[in-house]
Every structure is written in structure tokens, then in C-alpha cells.
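Trainee: So the chains spell out like this:
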Amino acid sequence: MSISLNTQQLAALIGSSKLEGEFRGTIHGIASLAEATSTDLSFLGNPKYAASVPGSKAGVILVPADYAGQPASGQAYLRVAKPSYALALVCAALEAKLWPKPAAGIHPTAVVDATAVVDASAHVGPLCVIGAGASIGAGVVLEAQCLVGVQAVVGEGCWLKNGVTIADYCRLGARCRLQAGVVVGSDGFGYEPAGGQIHRIPQIGNVVLEDDVDVGANTTIDRARFSQTVIGRGTKIDNLVQIAHNVRIGRQCLITAQVGIAGSTTLGDFCVLGGQSGVAGHLTLGDRVQLGAQAGLFVDVPAGGFYNGTPAIPIGLERRLVVLSRKLPDLFKKVDSLVASLDA
Amino acid sequence: MSISLNTQQLAALIGSSKLEGEFRGTIHGIASLAEATSTDLSFLGNPKYAASVPGSKAGVILVPADYAGQPASGQAYLRVAKPSYALALVCAALEAKLWPKPAAGIHPTAVVDATAVVDASAHVGPLCVIGAGASIGAGVVLEAQCLVGVQAVVGEGCWLKNGVTIADYCRLGARCRLQAGVVVGSDGFGYEPAGGQIHRIPQIGNVVLEDDVDVGANTTIDRARFSQTVIGRGTKIDNLVQIAHNVRIGRQCLITAQVGIAGSTTLGDFCVLGGQSGVAGHLTLGDRVQLGAQAGLFVDVPAGGFYNGTPAIPIGLERRLVVLSRKLPDLFKKVDSLVASLDA
Amino acid sequence: MSISLNTQQLAALIGSSKLEGEFRGTIHGIASLAEATSTDLSFLGNPKYAASVPGSKAGVILVPADYAGQPASGQAYLRVAKPSYALALVCAALEAKLWPKPAAGIHPTAVVDATAVVDASAHVGPLCVIGAGASIGAGVVLEAQCLVGVQAVVGEGCWLKNGVTIADYCRLGARCRLQAGVVVGSDGFGYEPAGGQIHRIPQIGNVVLEDDVDVGANTTIDRARFSQTVIGRGTKIDNLVQIAHNVRIGRQCLITAQVGIAGSTTLGDFCVLGGQSGVAGHLTLGDRVQLGAQAGLFVDVPAGGFYNGTPAIPIGLERRLVVLSRKLPDLFKKVDSLVASLDA
Chain H
1 MSISLNTQQL AALIGSSKLE GEFRGTIHGI ASLAEATSTD LSFLGNPKYA ASVPGSKAGV
61 ILVPADYAGQ PASGQAYLRV AKPSYALALV CAALEAKLWP KPAAGIHPTA VVDATAVVDA
121 SAHVGPLCVI GAGASIGAGV VLEAQCLVGV QAVVGEGCWL KNGVTIADYC RLGARCRLQA
181 GVVVGSDGFG YEPAGGQIHR IPQIGNVVLE DDVDVGANTT IDRARFSQTV IGRGTKIDNL
241 VQIAHNVRIG RQCLITAQVG IAGSTTLGDF CVLGGQSGVA GHLTLGDRVQ LGAQAGLFVD
301 VPAGGFYNGT PAIPIGLERR LVVLSRKLPD LFKKVDSLVA SLDA
Chain Z
1 MSISLNTQQL AALIGSSKLE GEFRGTIHGI ASLAEATSTD LSFLGNPKYA ASVPGSKAGV
61 ILVPADYAGQ PASGQAYLRV AKPSYALALV CAALEAKLWP KPAAGIHPTA VVDATAVVDA
121 SAHVGPLCVI GAGASIGAGV VLEAQCLVGV QAVVGEGCWL KNGVTIADYC RLGARCRLQA
181 GVVVGSDGFG YEPAGGQIHR IPQIGNVVLE DDVDVGANTT IDRARFSQTV IGRGTKIDNL
241 VQIAHNVRIG RQCLITAQVG IAGSTTLGDF CVLGGQSGVA GHLTLGDRVQ LGAQAGLFVD
301 VPAGGFYNGT PAIPIGLERR LVVLSRKLPD LFKKVDSLVA SLDA
Chain F
1 MSISLNTQQL AALIGSSKLE GEFRGTIHGI ASLAEATSTD LSFLGNPKYA ASVPGSKAGV
61 ILVPADYAGQ PASGQAYLRV AKPSYALALV CAALEAKLWP KPAAGIHPTA VVDATAVVDA
121 SAHVGPLCVI GAGASIGAGV VLEAQCLVGV QAVVGEGCWL KNGVTIADYC RLGARCRLQA
181 GVVVGSDGFG YEPAGGQIHR IPQIGNVVLE DDVDVGANTT IDRARFSQTV IGRGTKIDNL
241 VQIAHNVRIG RQCLITAQVG IAGSTTLGDF CVLGGQSGVA GHLTLGDRVQ LGAQAGLFVD
301 VPAGGFYNGT PAIPIGLERR LVVLSRKLPD LFKKVDSLVA SLDA
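Protein chains in written order, with our numbering: chain H, 1 to 344; chain Z, 1 to 344; chain F, 1 to 344.
It cannot be assumed that every hint is accurate.
As the list claims (entries may be wrong) - Derived lysine to aspartate or glutamate pairs resembling DMTMM-like cross-links, with alpha carbons at most 25 Å apart:
no., chain 1, residue 1, chain 2, residue 2
1, F, 57, F, 113
2, F, 327, H, 330
3, Z, 82, H, 192
4, H, 333, Z, 318
5, Z, 327, F, 330
6, H, 334, F, 330
7, F, 82, Z, 192
8, H, 82, H, 35
9, F, 333, Z, 318
10, F, 327, Z, 330
11, H, 333, Z, 336
12, Z, 97, H, 113
13, F, 327, H, 336
It should be emphasised that the hints constitute simulated quantities derived from the structure, not laboratory data.
Given the sequences, and given the hints that come with them, work out the whole structure.
Mentor: Below, the structure written as C-alpha cells:
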């Protein structure tokens, strides 16, 4: 991951001309403010770390346009609208070097059904398995050991890391990015007790990921009982998330790690679910709903609210109840002394 | 997933003759009440959706025997004891078409040890690995990229989706169904601090799944420290569940997604654990115990109770405490004004 | 898993000469106190089970040095400092028989890049994939279907079970032990909203596991946005754990199943996180911090504390609040009757 960039090259990558101070060397790495050395690029992405800027030894620091300080001697600041996004532009250039797109073609150890259609520009890595009637679009990358099932579709420009499963009949739109171990299209968890037995309910629907959906490592998305489980365009899902059958998630939602969404629940657009939170089944959440980490939501909620706790309630009330609950020892004492004073 | 069924064919599949109304066409799909069109089959499986029946455009609707309404013009009702189960019978017929049983035989890319015994009627998919002394029963299906370890046993009629691990010495009974990425037989998490080091405790037991156990995608079941981790007959486990070493689960339990059960805990029969709930180690739960979503149980409980919250308590009390906790702001005000009135 | 050991052999394995009673036969198995038969070895590892010792039918029982009882007729006790650790020594001897180290060499079905360096003493199992410039150290075991990415390093003596991913550029120290399905080096979950789109922030750092780190099945550890995600020497991680980008975990921590640690958080040494607990991002935890099961920590904490609940607070206070919360019904009644008596 060696870098070699001077300030002019950095400014060009970022598209900023607001360079302050004099850094005459070459940047060879990226590091946090506290850990950076004189040949590192750093950035003030989170206001929490503002106090670390003045003492940082970084050669170049990306700071917000309105940041008040000045660079130290031999150091440069590049002022940008969003330091975190500006850094991402630098990182994207490096990423392209670290992960050059693999050459088109099918690895000789891949097992590809004769009726599958693999675009000539796609890369199919070693030991992948592609089922009958499957379709692999233009520019797709399947790293090693992936499985694309019968009649499954992987849209153009998708990049699947190793060991990803796209089960039979499931469909990915364009430019989806899936991390290792993702399972798209496992059976929904549907059982019906009858006659002293638990009968499995066949799960004959599929999963549809619309364009630009990202999915984190070892996340599982179940196929619908019938019809479709749908993840909307531009939604990003973190690691070890569970999405049950017939869930429908809107556009550009952020679903963080270890979240669980139970069956047949619908989320609007732009929702944000905190880590380890859960949403019960058969619910409807409006657009822009937010859920705190570890919260558990059990009721329908309209657009725009922020909920927390288990069972989840509006976060303002939840915060207030947490504060009050810590005063319970005092309250109990107060009531006891009231009772005592009245008994006296 | 194209269907083509008239009402007589549907009635025959379901075993009901209680047909009302006149639907003269052919059913081509299955959809929810709200989304169904005139060539779809729908059903009233959850009373929550009863109000959606009258307006549904579905050609045929499966309704409970005592449902009060009447079909619209050109629409038919099929009255059944359990609409959800009746739908499952239709879906099973479709499932058999979507997932015909693969032909018997071992794919040439599978790596099968010479001492493994694979029944002639079993199907071993591409890139599977089968270890020394392993046994694969009659009619078993191993989809692609599965691993069956040394001396492991997969009982007759089991169906393992791609990428399933049955580690060395573990045993599956008959007709188990495992989704992609399941790990049966990972090491238990056992360590012993001694002499400033953390020593690993070898985990030399195995895992036994009895007959008719289903396991969801990327779920992990640890092998016992010694003896066995046991999942009882007919128990169904959802995705991303963690079952620790030496756990014993009874028969016909339902373990929903992201549940964790810590080491050496024993569950009775017919238990139901809600999503993301957890059970501490070395506990004993009686038969028919239920645990709410996200609950955390830390004590032994007898048969039949329903527990909720963290730490989990009987759900009646838990529900009451939740209601009261939301009245804390009022209570604090009330007590403050009592104090003030007495001080006055 | 057949054993055949007499008391002399057991005493030698354990390094104890404190043998009491007369067991003249041969031990053929290991079982819990309650389940052991006359040819089983058992142990009193957890004081909770002390009452089960006198009635146990085990042929030989490992008991603490200060255990008060005496063996039954035909039964022997071996007194040891730590029965659980002593049992581990016996199990280690058995483990070596159950899992003999596989022979050195590369399976013919493995796909190994010509520029990868595989030590001659390493074992590379069937259907593994090893990328360009990767390095596999002395005595390493890669079981079937593992992936070691471009320029990744697996240190000497590591043992990777089947289906493990060590993604590009990640590094493992010596003697790490990874269970099936582990993903080391998935992308961090980094996105930046800008211009109505959600932009992916490239994740160009890596993951470093220091020496003697163990990782449980299907656990995911994300690569750093830049620099490194680090797991300290001797730390042990259970199944289905999520460790986000840029997390740094100290030495000899125990991270139990289904824990989630959000991005850029730092843990000291000897921390213990209970099952299903979570730690928010950008936090610093001191050495020896403990977190209860299902707890959620949202603030920095100094060395040595034990926290519980969501949001997590010192466990003494948390235990007290739980007790008081269960008395809320009484408190509400008391206050109502105070109000009534004052109104009267």
C-alpha cells in the first residue's frame, strides 16, 4: 500500500486549490491525526478529533473549509468541503492500484453450466459454480469460490468477493458489491404446526437486489415465501445482518452490522438502523426512520422518527427515561421518607 | 416460477371442496392480498390482514372456514382449516418443479476420500469435499462446495445447500435440511487462564442433529468439549444463530434468527426463542418455554413460561414494568409536588 | 473418540500424584458428573455441580485439592489445582489422536498462484485458493476450501479450518487458529452521503492478527479504512462476532459470541465482552474492562470496570436499578395512596 504523492497531485485528486502552508516532500501513507508521521496524509473527519490537529505530525492534513487553525512549519493544510469525502477520493485512486480489475475470462477450475450466459467481459474466478440458465453481466467480477444458482442473474458491474452465494432464481441489479460469505436466497424461516408435527412451508419466491446495493460479509438474505424479498437501489448493508423473507427495504438505507429484520416488514427510503437493532415482522416503517443501536422496534412508525430502546420509543422520551431510571434509588428513598413522615 | 392452475386443480392440491364464487380463469401466480391481480392466488393467513380481503383483486383467495365475507364477482374463495398450511401445499407442488431432486452421482470435481461411503442414490455436487470414513446416506443431496469431515455421518434424505460444513465426527439424522454456510462442529469456545496465559481447552466431542432438524444460513453449532452437542428431533433453527458447546436442545423447538445459546444449557421440547434473544450458559429450560425477541435469560425456568426483557422475567410482569416505566416522568413530578406540599 | 487409559496413565498425563481410592479398570470415555458411567472420567470444574460428585458413577473424578469428599468404593479421585485445566491435558492427548496433523504438501486441486510462497512443511488442503505474493509459513495447516488473498501472510503454525478467508494484504501472526467460515479482511462499512448519493469510502487498510489469536466460526473482521485493524496477541474471539474497521483489540481479551465492536474503537488488554454485547464506535476501553451479556457500551471507560445494561453503566448500579425496577408497581401504589391521603 505504498503511496507517492506530492501536494499538487493530492490537490488534483481532491479537486481543491485551497492549499496552505509548505509541505515540500512526498506523502507515502495515510494515518490518523495522532499516529501520522511527517510523510503521512491525515484528515479531520470527525469534529471529536479537532483537538488533535494542532499537534499532529502529518505532512498534509485535510481540514474543513472553516477550520480555524494554521499549519505548522513544514506542514500543509488542504481545505475541503468534506475532509472524509476528500480522503475517499485519494483512497479510491489507491484502491484502483491495490485491486486492479481482474482480466475477463472464466478460470479453468470454475464449473459453469453449458446453459449459463457469461458476458465476455466478465471475470469468473477459480472454483466458482454457475448454474443452469444463470446470467452474468458485463464487467462482473466473481472472485474465487462463488456460487450463482439456477437462473440467477448478476447485473453488469457487480463485484462479488470470494465465497458469495446467489441462490437459484435470485437477481442482482447493476454495480452491487458483496463481501465474502454473503448468502442471498436462503430459505425463509416458515413453519406451520399441524397434527403434532412442524411442517415446513416451501419458500418459492426469490430475492431481488436493485442497483448499487452493497452487502457485508456473512450477511444472510432469505428468499420470499412467494413473490420477492427486495433491497432497494443504493441501500448499504453491513456484516452479519439477517433479512428475513418478504422484507422490502427502500432506497439508500443504511443497515449496520448484526441487525435483524423479521419477515414481511417494509422499510421506506433513507432509513438508518443502528448496530444489533431488530425490527419485528409484518411492520411498516416510513422514510428516514432511524433506530438506535440494540433497539427493538415492535410497532409501525411513520416517516422521520428516531427510535431507541427495547421496546423502541421516540428517542427523546427514551433518553429521559434512562436519566430518570438512574434516579430511582433517590426516588425510592424520598417516597419512604414521605411515608415515614406521614406515619409519624 | 410460472404456475398454471384452475380452481379444480387448486382444490385437489389442497384437499378442500369448499369452493365459493366463480373464478373461470387460470391462476398464474401467488401474491399478498394487497398486491394480487386477477390471475393470482392469495390467502388470509394472519388475522391482521382480514380487512384486505374484501378489496383484494386476487382471482382465488384461501380463507378460514369461518370467514364471514363473500367473494366478489369473478372471484373464488376456497375455505380451509388453515389458509397458511393450505398455501404451503400449493407451494410444495411448485417447489418440486423449481427444485427437482438432482440426479444421483458424484460430480467429477468433488474430492471424495477413498474410505468414505457414499450411497449410490446420493447426489454429491461440484467441489464438495468428503473426508475419510464419512458416510453419506440414501437420497442425500449435497449441493456445491460442501464439506463433510472425517467419519462424519449425513443421514438419509438430508439436503445440504451449498457451502455447508459438517465437521469431523459430527452426525446428522434423517431428512435434515441445512442452508448455505451452516457450520456444524466448530470448536467450542473453551479457554482456561493459567500461568499468565490463556490455554485452549481441546474440544473433542461432536455435534448430533437428530432427524428432521433444519438449520438456517451461516448458523454455527459448536462441537462439545467432550460428549455431544445435541439438537433434538424436528427442531428448526433460523439464520445466524449461535449454539455453543454441550448445549442440548429438545424436540420441535423453534429458534429464530440471531439467537445465542451459551455453553452446557439444556432446553426442553417445544421451546420458542424470539429473534436476537440469548440464553446464558449452564441453565435448564423446561418444555414449552418461550422467550421474547431480544430477551436475555439468566436463570433456570420451569416448563411453560413466557419470559421477556433483559434480564428476562415473566412476560406479564415485564409488560407491566414497561408501561410503568413510561409513566416515570409523572411519578417524579408527583413525588416532587408531594415533597413541596409537605414542606410548605 | 475411544479412550483407553488406566489411573497411572491419567495421573501421568495430568502431572498429579494425588490419587485416592481404587479404580482398577480402564477409562473409555469422558462425561459430566451426572451422566458418567463406571468407565468414564469426570471432573468438578464448576462449583455449581459440587453436589453431583457424591452420586456420580464416574470411575475417576478430577476434584480440586481442597474438595472435602471421599471416593466411593471402586472409584478414584485425582486431586488437582484446577480440574478443568487437568481435564484439558487429557483432552489434548485425545485431540492429537482425533486430529493428527495432516501431511505437508499442496493438494492437487488447490489453486496456488506461481508467485505465492508456501513453506515446504505446510499443508494446503483440497480446493484452497492462494493469491499472488501470498506467504504460507512453516507448519501451517489450511484445511479444504480456504482462500488466502494477494500478498496475504499466514504465520507459522497457524491452523485454518475449512472455508476460511484471509483477504488480500491481511496478516496472521504465529499459531492462530481460525474456525470454518471466518472472514478476515472484508471491507469496512464506510459511506459518505454527498450530492443525493451514498458514496462508498474505499477501505484500503488491512487486518493484522498477532500471535496466538483464535477466531470462531463465521466471525467477520473488517479491513481498516486505512492503516490496520489489529487483534492483539493471545486474544480469543468466539463465533459470529463482528469487528469493524480500524478497531484495535489488546492482548488476551475474550470476545464471546455475537459481540459487535463498531469502527475505530480501542480495547485494552485482558478485556472480557459477554455474549451479544456491543461497543459503539470511536471509544477507548482500558485494560481489564468487562461487559455483561447483551450490554451496550456508548462511552469511554477506564481500566478495570465491569459494565452492564444498555446503555451500559457500572454493574453494581445496574443490578440495583434492576431490583428497584421490579418494585415499581409497589412504588406507584404507594405514591397514589400518599396523594389520596393528602387529598383527603
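Trainee: Kindly indicate which numbered hints from before are broken by the structure, ordering the numbers from low to high.
Mentor: Going through the list in order, the structure violates hint 1 alone and respects the others.
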